[in-house]
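Top to bottom, those sequences are chains A and B.
If you're matching positions, the first sequence starts at 1 in our numbering and goes up one per residue.
If you're matching positions, the second sequence starts at 870 in our numbering and goes up one per residue.
Keep in mind that the hints are not guaranteed to be accurate.
[To be verified] Pairs of lysine-lysine, BS3-like flavour, derived with a Cα cap of 25 Å:
#1 B:Lys-929 to A:Lys-65
#2 A:Lys-717 to A:Lys-565
#3 A:Lys-316 to A:Lys-348
#4 B:Lys-969 to A:Lys-65
#5 A:Lys-348 to A:Lys-80
#6 A:Lys-391 to A:Lys-80
#7 A:Lys-388 to A:Lys-316
#8 A:Lys-65 to B:Lys-925
#9 A:Lys-188 to A:Lys-736
Derived by calculation from the structure, the hints in this document are not laboratory data.
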Amino acid sequence: MRESNTPPKLFLQFLRWFCHPQMLDFIEGDLHEFYQRRLRNYGKRRADILFVIDVILLLRPGIIKPADGNHRVSSYGMYKSYFKVGWRSLLRDKGYSFINIGGLALGIAIAMLIGLWVYDELSFNRQHEHFNDLAVVMQHNTVDGEIDTYSSQSYQLGSTLRSNYDNLFRRVVMATFATNSILGNSDKIFGATGMFMESEGPELLSLQMIRGHRDGLINVSSLMLSESVANNLFGTTDVVGRSVRIDDREDLQVVGVFRDIPSTSDFKGELGFVGPLQLVVNRGGRNFGWVNNWLQVFVQVEENLDMQQVSAAIGKVKLNQVSESDKRFKPELFLHPMSRWHLYSEFKNGVNAGGRIDFVWLFAIIGGFILLLACINFMNLCTARAQKRSKEVGVRKVIGSRRGQIITQFLIESLLIVTISFILSMLIVQTLLPWFNELSGKSLTIHWNSLLFWITLSSSIILISFIAGSYPSFHFSAFNPVKVLKGTWSIGRHASLPRKALVIIQFTVSIILIIGTVVVYQQIQFAKDRPLGYNLNGLLTIPMKTPEIKKNYNSLRNELLSSGKFSEVSTSETTATNMWWSDWGFQWRGKDPNMQDMLYRGAVDYEFGESIGWKIKAGRDFSRDFVTDSTALILNEAAVKYMGFESPIGEIVQGYGKNYTVIGVVEDMVTQSLYEPNKQTIFLIDPFGQANYINVRIAAQASTTEALFLLNSICAKYNPNTPFEYTFADSEFAEKFSFEARTGKLVGIFSTLAISISCLGLFGLAAFVAEQRTKEIGIRKVMGASVASVWSMLSRDFAILVIISCAIAIPFGYYLMGRWLASYTYRTPMPWWIFAATGIGALLIALLTVSYQAIKAALINPVRALRAE
Amino acid sequence: MKNYQLGEFEELVILTVGILNNVAYSVSIKDEIDSRTSRSVSMGALHTALKRLEDKGYLKSFNGESTQERAGRPKRYFEITALGKKVIQLNKETKESFWKAIPKTVMPLKFS
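Using the sequences plus the hints, can you model the full thing?
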């Protein structure tokens, strides 16, 4: 048996492991020789034992190899040479390197910006101490078969949850929605946004106190200020105990100052001050029934309770309490956890319909695709240069490179390029960040000193260099050295196939992005062009906050009108651009008994219509000449349709305990969302004394600056303790599509970048194709080909690729944008020319890019082309 | 004169290399020492000594043939360098001078 004639393997391995490589051969030989001899003389067993003893005795300082073998040293040299060769090949083809690194850096920069944005969105609210157990109580209500969802609640709910569900909630805090109040001390007055809440509020919202304590809000005359408001008001934060006058009504004592709410919180901008809820209750004018929703209820769920179960447990709390007639709205309470506030804020028909998460996904996908485009560029340019570097690979292989080493070499080159691109892209990001922040309405920064940032950065460098470098390195390392060195090797038809596929992917993505941009802009334009039903130009609103201005309103109005700079002045409960107040419980002739009669209400005064410039379709406007107009009603067209009137003038509508006579019909106005159908709205002369806004129309011939100046001085006269605040109706209106406008702008920028990165790649590719075919072009020209024919020959290939991309991208884009538009009730059609124009545009851009190279190649002197060798 | 270090075992090894003139490689050296003395030399000790002698420049080595018996591994032959010869010569003289200095009464000369 051969097997038994060999010494114990384990010890042989051991010897090989520890022995100095220079001595190993002889020593092993000696051991074998002795072993064979002993095998003959003493037999296997003894020979084995002696062998083991010999090996163990060899384990001595002169023979054990040094701790640091010479292995590492030689690899280091190899890697160094890889970097050197990579660097030299970058320098040799400067144009190519520029396109490659520039394109990649641009792509990475965009991906990085989007990454920062996504990170910011995902980390929203996380700084709150009770992030995991905090929730707001929301309710679903069914109106006319559709489920409406909102977070406003009644005053009753708080105490009920607190007393009856004590075991579920650690804290229950009622708070008003963010309101604008006037704060003042002896020196200064200005408006600030804040909330009034119960005393546990600051603890629940984990306000970071600089002065005072979180439990300071017990007294009804206490007040907490944010750092910036305190600084504005007093010039310091050391203000505990100082007094602040609020809304020119109450004097409150400052009991605490907290840090400004960070920009990554949904309370951002809503907590300039925190006052006691009891103050609002004491002011009066609030209803405390179960159906009067005017505040929000925040809860902190007991630890180790499941939010879903708690949510289910309180579902019927309101339903059990409301009157029989209000049960038809089927109010259902549920908890909306803080972790979902920011990203999943929308509800459609009682189901959570996402919200910003859609945009997080959208941008993340766009960012990923742009990065992919840049990587594709890199792969394409590298493989296109294959011919240039094939000789080098051939020589390396002949000398003895293994395939793995060639792969390593090209991966290291890609690492080099990606690292340079990353450094460049960080510079780009750093310069673009202020601009991007303005565009996205955020305050993003690069987290230079966060470990996570560096880990992400270095792992993405490695990942991207691997992705981008994988195809070229496997492509290069597969060369057959004999063919390459003999020169019989050429790229061949099939080699360019993957490259073509990559170009198609690039252009498909770019075209889809362009289609998206065009459709978004189309939709914004469509919404902007929607007939408003009133006139925004020169219309502005002034909030009425103090009792003083309400008292002085008539004198104020008279003085404004007599100045001649204002054509009309009126008051209303809500502004024309946002009439959100809805009511029900109306009766009229021919009303369907099952109808839930939800009507939006505009409580206005006699001159409201005149001041906003509405258009009466039938009947007449309100007039002070008719005493009966205090019970008159004007409907909009949608309301006429909703209530089912044939000829509405003269009809009686019962509501608010009175009989109202319809005196006119007004053209539909956009008083809420631009993308929803006009709401059924009734207008009546304000019976509640709820006027909150003054509507002022600047006369057509007056200059806006002068009018504003005058307005300021007149307001100061009649409302001395309040800063002058006003809003132009058109800027308030612009808010309605600001989100769409912002999204459109961002998507537009991204798609521009996507197409330019794609074109950059195409440009480089065309250059290499032209260079490869120099000889062919020379021969063609000698034989009589014209410049035009050479141009078309070189451009045709690329044109076909772009056309294929169009064929893929257009149906895909149509489908995607159709789905996006479906979320808007009032939406633009998608005319065919958008797609045609996008396709032709992409083709033209691609051809322009290629043409530069094609024409350059076509114009070259054929003699020179043919002589070159 | 410089101090030429030569240990006792090293002296044995270098002398054996001299004896085995031209066919001195580790196995034959070990066999030779084993047969001439009553001790069994371990591979480890021998290789260490050979390496040290080579490092000191007393021995030089060259690769020899490889055989089936040695599983294809080459032999390494040793021979004494000029320096090596000088050193053993010097060593011998030094010892002889010591021998001569011993009084005859202590160590009467014996003749075989």
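Okay, the hints, checked on the actual structure:
1. B:Lys-929 to A:Lys-65: 21 Å, holds
2. A:Lys-717 to A:Lys-565: Between Lys-717 of chain A and Lys-565 of chain A the Cα gap is close to 17 Å, so the pair holds against 25 Å.
3. A:Lys-316 to A:Lys-348: The hint holds at about 20 Å.
4. B:Lys-969 to A:Lys-65: 45 Å, violated
5. A:Lys-348 to A:Lys-80: At roughly 61 Å apart (the allowed maximum being 25 Å), Lys-80 of chain A and Lys-348 of chain A break the hint.
6. A:Lys-391 to A:Lys-80: 21 Å, holds
7. A:Lys-388 to A:Lys-316: Answer violated: Lys-388 of chain A to Lys-316 of chain A is near 76 Å, above 25 Å.
8. A:Lys-65 to B:Lys-925: Holds - the C-alpha atoms of Lys-925 of chain B and Lys-65 of chain A are around 19 Å apart, at most 25 Å.
9. A:Lys-188 to A:Lys-736: 33 Å, violated
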